[in-house]
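J.: Protein chains in written order, with our numbering: chain A, 7 to 282; chain B, 8 to 266.
By construction, these hints were calculated from the structure, which means they are not laboratory data. Check each hint, because a few of them may be wrong.
As the list claims (entries may be wrong) - Okay, the calculated beta carbon distance ranges per label pair:
1. Glu130/B - Ala35/A: 51 to 57 Å
2. Leu34/A - Arg131/B: 31 to 37 Å
3. Pro108/B - Leu111/A: 41 to 47 Å
4. Pro132/B - Leu262/A: 47 to 53 Å
5. Arg121/B - Glu114/A: 29 to 35 Å
6. Pro146/B - Leu34/A: 32 to 38 Å
7. Val139/A - Arg19/B: 44 to 50 Å
8. Ser275/A - Pro50/B: 41 to 47 Å
9. Ser24/B - Leu167/A: 18 to 24 Å
For each residue, glycine too, the CB sits at the ideal point set by N, CA and C.
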Amino acid sequence: MSLLRRFLRTPEAVAGALILAALVAMALAAPLLFPRDPLSIAGPALLPPFQDWSLPLGTDRLGRDVLAELFHGARTSIAVGLAAAATSIAIGATVGTLAGFAGGLTDEVLMRITDAFQTVPGFLLALAFVSVVGPSLAVVVIAIALGAWTGPARVARAEVLSIRERDYVASARVIGMHPLEIAFREVLPNALPPVLALSSIIVAAAILVEAALSFLGLGDPNRVTWGGMIAEGRAVLRSAPFLSIIPGIALVLTVLGVYLAGEGFVEASAARKRQS
Amino acid sequence: MTAPLLAATNLRKRFDSRGRAVAALDDVSFEVAPGETLALVGPSGSGKTTAARALMRLTELDGGEICFDSEDLLALKGARLRAVRARLQMVFQDPRAAFNPRATVARVLDDPLRIHGIVPRAERPEAIAQLLQRVGLSPDLATRAIHEISGGQRQRVAIARAIATRPRLIVLDEAVSALDVSVRGQILELLLDLQRSQDIAYLFISHDLGVVRAIAHRVAIMDKGRIVETGKAAEVIANPQSSTGRALVAAAPKLRHGA
Chain A
7 MSLLRRFLRT PEAVAGALIL AALVAMALAA PLLFPRDPLS IAGPALLPPF QDWSLPLGTD
67 RLGRDVLAEL FHGARTSIAV GLAAAATSIA IGATVGTLAG FAGGLTDEVL MRITDAFQTV
127 PGFLLALAFV SVVGPSLAVV VIAIALGAWT GPARVARAEV LSIRERDYVA SARVIGMHPL
187 EIAFREVLPN ALPPVLALSS IIVAAAILVE AALSFLGLGD PNRVTWGGMI AEGRAVLRSA
247 PFLSIIPGIA LVLTVLGVYL AGEGFVEASA ARKRQS
Chain B
8 MTAPLLAATN LRKRFDSRGR AVAALDDVSF EVAPGETLAL VGPSGSGKTT AARALMRLTE
68 LDGGEICFDS EDLLALKGAR LRAVRARLQM VFQDPRAAFN PRATVARVLD DPLRIHGIVP
128 RAERPEAIAQ LLQRVGLSPD LATRAIHEIS GGQRQRVAIA RAIATRPRLI VLDEAVSALD
188 VSVRGQILEL LLDLQRSQDI AYLFISHDLG VVRAIAHRVA IMDKGRIVET GKAAEVIANP
248 QSSTGRALVA AAPKLRHGA
C-alpha cells in the first residue's frame with residue numbers, strides 16, 4: 007500500500023491518473039450515454055459547439071454528434087493503446103528472453119532481426135503493413151506492435167543476461183529442468199518488471215500512431231477514431247476549426263495522462279526498491 | 008576397494024582474467040566411492056568451486072574425463088543429461104540466492120518430483136510433506152514463500168530438493184558456510200543422518216577444516232588449481248604434509264590445541 011501512497015505524493019502522477027480515470031469513464035459510459043451509432047446523422051451539419059444543448063459540442067460536416075464521436079473514439083484509443091502495448095511486450099519479452107538465455111547463434115540472429123526492425127521507423131512499418139493487409143482494428147494493433155516490440159526485447163535481454171548467471175537458474179538446471187521451462191518459468195517472470203516499466207511509453211506512442219494512421223485514412227472505417235475526426239475536420243479547418251481542435255485536445259490530454267501516470271508509477275516502484 | 012561412484016580424471020579449465028590465462032583446474036583427479044564423503048578443501052581461488060560446477064555440467068571444461076555411475080558424464084547432453092541429474096544433485100552456498108525469489112516451498116520441491124516423474128501428481132503434496140519432515144521441517148511450511156523463511160530453513164529446503172530424486176551423490180558447495188554456527192551443526196547432523204540412511208555420497212566443498220573433520224571420510228587439499236594432498240580426513244588434519252594443508256590447519260586454531 008505504501009506504493010500507492012508514494013504514487014499519490016507526486017502531483018504529476020495524480021494529474022495523469024485523473025486524466026486516465028476520466029478517459030476510462032468516457033470509454034465505459036459511451037454506449038450508455040450515446041447508445042445510437044456515433045456514425046449516424048444526429049442533426050444539421052456543421053453546428054458549432056455550445057449552441058444546441060442536445061448536441062453540446064456541435065456536429066461535423068455530415069451532421070454527426072461530435073460529443074458522441076469523442077466518447078466512442080476514447081474506446082478505440084484505449085483498446086488500441088492497451089492491445090498494442092500488450093502485444094509488443096509479449097513479443098519483445100519472448101524474443102529478448104530467448105536471445106539472452108540461449109546466447110550464441112540464437113542471440114545473434116534474434117538481435118540482428120531486432121536491429122533490422124529498429125532501423126525502419128515504426129510508423130512507416132505500420133503504414134506499409136496496414137496498406138498491404140487492409141485496415142481493421144486487429145491489423146492496426148499488429149502494425150503498431152510490429153514497430154514497438156524492439157524496445158521491450160532489448161530491455162528483457164539485458165535483464166535476462168544478468169539473471170541467467172544467478173544460482174537459482176543453476177539450481178533449476180541441476181534438477182534437470184528443460185531449458186525452455188527455465189527460460190519462461192524461472193527467468194522471464196523475474197526479468198519482467200523493467201520491461202513493464204516501458205508500457206506507458208508504448209501505450210502513449212500507440213495511441214498517437216493509431217491516430218496518425220486514421221488521419222491518413224488507414225484506420226478501421228467502422229469505428230470512430232480521434233485521428234479520423236481530425237482528418238474529417240481538416241476539409242473545413244477555416245470555417246469550423248473546432249472539428250479538428252476538439253479531438254486534438256482529447257488526444258493530447260490522453261497521451262499526457264498515460265505518460266504522467268506511467269512515469270509516476272515507475273518512480274514510485276523505484277523508490278520502494280531503493281528502500282527495501 | 009569397490010568401483011568408484013565418481014571418477015574425475017585430469018580435469019583442466021582455464022579462465023581469462025585481464026588478458027592473462029589463469030588455471031582454475033590444472034590436471035585435477037579424484038574419486039568418490041558410494042556412500043563416502045570426500046572433502047575438497049582449499050583457500051578461496053583454489054578451484055574447488057570450479058570443480059564442483061564442472062561436475063554438475065554448469066561450467067564446461069577444457070579437458071579431462073568424468074565418469075559417474077559408469078556413464079561418461081561429459082558425453083551426455085539434452086534429455087539424457089537431464090535424466091542423469093536425478094542421481095547427481097547439488098546444494099549451493101547461499102540459501103538466499105538458490106531459489107527463484109517468486110517460488111513457494113511446495114513449488115521448489117514439486118519441480119524435481121514432476122520433472123523426473125518420481126511421484127504422480129495426486130500424491131505429490133504427500134511426498135512434499137514427507138520430504139519436509141525428512142529434513143526436520145514442518146509440513147505446514149509448504150505453502151510459505153521462500154522469502155518468508157529463515158536461512159537455516161532454506162538450506163534444509165535446498166537439501167530436501169536435492170534428496171527428492173534419491174540421488175547417489177550430492178555436491179555440497181560451501182553448503183554450511185553461510186549459516187550461523189548453531190544452525191551449521193544441525194545441518195551437518197542432518198547430512199550425516201541422510202548419508203547413513205540412504206547411502207548418499209557427498210562431495211563436500213569447504214575452506215573450514217573444523218566442519219570437514221566432522222563430516223568427511225577423506226580430504227583432498229587444493230591450491231592454485233591443483234590437488235596438493237589427499238588422504239584420510241583425520242590423518243591429513245593431524246599431520247598435513249603440504250604447505251597449504253599446514254596453513255589451513257594453522258588457520259583453525261582449536262584443531263591444533265584440542266585433542
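J.: Hint by hint, note whether the structure agrees.
T.: Each hint, compared with the structure:
1. Glu130/B - Ala35/A: 51 to 57 Å: holds, 53 Å
2. Leu34/A - Arg131/B: 31 to 37 Å: The hinted range 31 to 37 Å is violated for leucine 34/A and arginine 131/B, with Cβ atoms some 44 Å apart.
3. Pro108/B - Leu111/A: 41 to 47 Å: violated, 30 Å
4. Pro132/B - Leu262/A: 47 to 53 Å: holds, 51 Å
5. Arg121/B - Glu114/A: 29 to 35 Å: Holds, since arginine 121/B and glutamate 114/A (Cβ atoms, about 33 Å apart) stay within the stated range.
6. Pro146/B - Leu34/A: 32 to 38 Å: violated, 47 Å
7. Val139/A - Arg19/B: 44 to 50 Å: About 57 Å separates the Cβ atoms of valine 139/A and arginine 19/B, which means 44 to 50 Å is violated.
8. Ser275/A - Pro50/B: 41 to 47 Å: holds, 42 Å
9. Ser24/B - Leu167/A: 18 to 24 Å: With a Cβ separation near 20 Å, serine 24/B and leucine 167/A satisfy 18 to 24 Å, so the hint holds.
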